[in-house]
Structures are given as C-alpha cells and as structure tokens.
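**Student:** Heads up: the protein sequence lines correspond to chains A and B, in order.
So for the first sequence, my numbering puts the first residue at 1; every next one is plus one.
So for the second sequence, my numbering puts the first residue at 1; every next one is plus one.
Source of the hints: derived by calculation from the structure; they are not laboratory data.
The hints are all genuine.
Restraint-style ranges between C-beta atoms, simulated for each label pair:
1) Gly49/B <-> Ile96/A: 53 to 61 Å
2) Trp126/A <-> Tyr135/B: 18 to 26 Å
3) Thr83/A <-> Glu78/B: 30 to 38 Å
4) Asp148/A <-> Gln139/B: 24 to 32 Å
5) Thr83/A <-> Met111/B: 55 to 63 Å
6) Thr57/A <-> Asp145/B: 43 to 51 Å
7) Ala183/B <-> Leu89/A: 29 to 37 Å
Glycine included, C-beta positions come from ideal geometry on N, C-alpha and C.
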Amino acid sequence: MQTKWYILICLIIGLAACEPETTCHQELDSAVQITLSADSITSAGDTAYYAQWDSVTVVGIGSDIGMQGKGVKVMGLELRPDTSLTAYLMLYHNQIDTLYIQHTPRQQFISMACGCAVYHTITAAWSSDPRVDSVSIINASVETVAQDNLCIYLHE
Amino acid sequence: MNRLLLIVTLCCLALCASAREYADTAVYQGLSVKLDIGNSVLELARSAGKIQSYEAAINVRLAKRFYPTLEAGYAMAERGADGGMHKGQGGFGRLGMDLAVVKKGASENNMLVGLRFGGAYQNYDLTNVKLHSEYWGEQRLNFYDQQRFDCWGEIVAGCQVQVYKGFQMGWYIRMKLLFTRNAKEGEVMPYYIPGLGFRKDFQWGFNYYLAYKF
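Pulled out of the complex, with its shape left as it was, chain A reads as follows:
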C-alpha cells in the first residue's frame, strides 16, 4: 500500500515540473560577423594579404554606445531589431567609414521568460568609404550561431 502512495507522490512532483520556466537559459544574441580583406603591395613589390583591423572604433547610428578593439579579425555587430536598415560608423586606419546593412528582421517568440529572439536575413550591404572596393555577403542568415556573414574588401 505504501508503494502506491510513493508512486502517487512521484506523479504529483512530476506534474509540478510541467510548469513553464521563469528564467531564460537560451542563447538569444545574434550578430552579423564581419571580416576584412585587403591586398597590400609590400616595398619589395610582393602582394601581402592581411585580414584584420589593427585598431577599430564602432558606433551604431542611433546608439551612443561605442565599441573599440585592437587586432580584430572578426567583428560581431548587432543589427537593429525594429528596422530593416542598420548603419555603423567605423573608424579604422585613421578614416571614418559608414557601413550600411539592409536586412529583414524576423522575431521568433521563445518563451515568456526569454521573450523574442531576433534573426535577420541580409539583403544588401555597402560602404560610404572610397577605400572599400566592395562589401560581399558570404552568408545572408544572421542567427545565434556565429558564422561569417560579410566581408569588406579594401582597395590598397
């Protein structure tokens, strides 16, 4: 008879576990991953390839939060969740560039505790800087799993 009561108690505890979680344990951050690519002619006349920002400062247009980095190979920038155009001012190699990214945000409801995660599909990207040859879309999908999305090709 006691065994039956144990089973009943276990069932009640198990059913109580059906309540939804009140804290969020899921990764929600998604950022567009940007790399740099440039060919440089050395003094010896060889073509040297480099792919990093020695020093870079970035501020999103519409935000007052600046980010700085040195020796940056891959830069992760969040896209605006509420509009389809995100622009970042970038200061590197002593010049200012404005990087424009056109994208389609899509909200995915995760849970009440987590809210919505926002994923994006990049539709176009361009730069205002004449040093930039092109901005290439490597992978248009911006999700929580980091992957290279854009590559900025520089003239040198």
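With the hints as your guide, set chain B onto chain A.
**Tutor:** Only chain B this time, still in chain A's reference frame:
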C-alpha cells in the same frame, strides 16, 4: 403436448445460451462517455484560475480489449511572465486507441495503454513581449489576433474501473510530444496550447475522469 412444451423450452434455453455467448464475443461491447475532472482541477489550481481546460471523451469497447477513443475539449489561458502576457482560447481534439493490457475477460475493470494524435486550434494575443537586443536596448512587442494550429502525439497509460452499475472512473497519465515546433515567417508561436499545456517539445499530462457506459 408435454413433449412439445419440452422441445420449445429446450429451444428457448438454447437461444438464450447462444445469445449470451454472442454478447461475450460480439465486436461492439458498449460505449462510454467520459468527463474529465482531474486535468480541469489541476489546471485551475496550478494557475490560480488563470487557465481553464475542460474536456470530455467517448470510447467504444471492441472485441473485449480495444477502445477507439475520441476526446474533445476547450481551454482558455491568461498567463504572464516577465511582463509579457499570453491570452488565448481554443478547442482541441484527440483521436486514438487504447488497449486493455491485463484483463481480457468480460470485466469492465482494466489497465489501459494507448496512443493519441492531438490537434488544437486557437486564437491568442501575446502582449508586452520582451525583444532581446543587448546593443540596441530592450523593446516590448505586441502580437494581436494570432491564430495557429498545433498537433502532437501522446502515449497514454491508465485504468478504468466500474464503480456502480454503468458508472465508471479512471485516470490517464499522458506523455506528449509536440510535432509543430516551428513558426512560419511572421508567425509567433503561442505560450500555451489547449490540450497540450505550456508549449514544450515534451510534456506530461494527467486526467481523472468519471464515465458512464451505455
């Protein structure tokens, strides 16, 4: 005359015996109507009255141990967390079959295992939902007048006992597996699904019901 009476009596007895034997072996052996109490009370108690779920079921007994079952219900939920709120209501149904695993005889008392396929359609609003963005700041979104169909599968186990004449009672433990886990473009998945519970890929459920067998 006496011989004729004896023959008629013997024929009647033979017919009665045959009819009784037919009743034991007939494919169709009655229909039960069930009204759930356990889940309704549990949902009300757990949610402090914010979730109401009502359901009823019909099953028929076939060939002593098979119970094709149809369940239907309606649920209303108003539940929030972290400032966000889900408010929705909709109907659900489940179709499946139970199998009596212990007793194969004429007894109405049985342990049952079975499978169900469930579906629910609901209208819901999700309001003040947090939109996560570490850099651009937190925003709140509202999604009004959303509609969605969800479906799931269940493995059920339970029992039913006859308590008085046609009256029965019993319970089910349900293991539920949600099939519809993705949202279409622009769609926001609900927080609560009628007949399933809070949206999780895997969920448990419980029913305690009263029934009448016709």
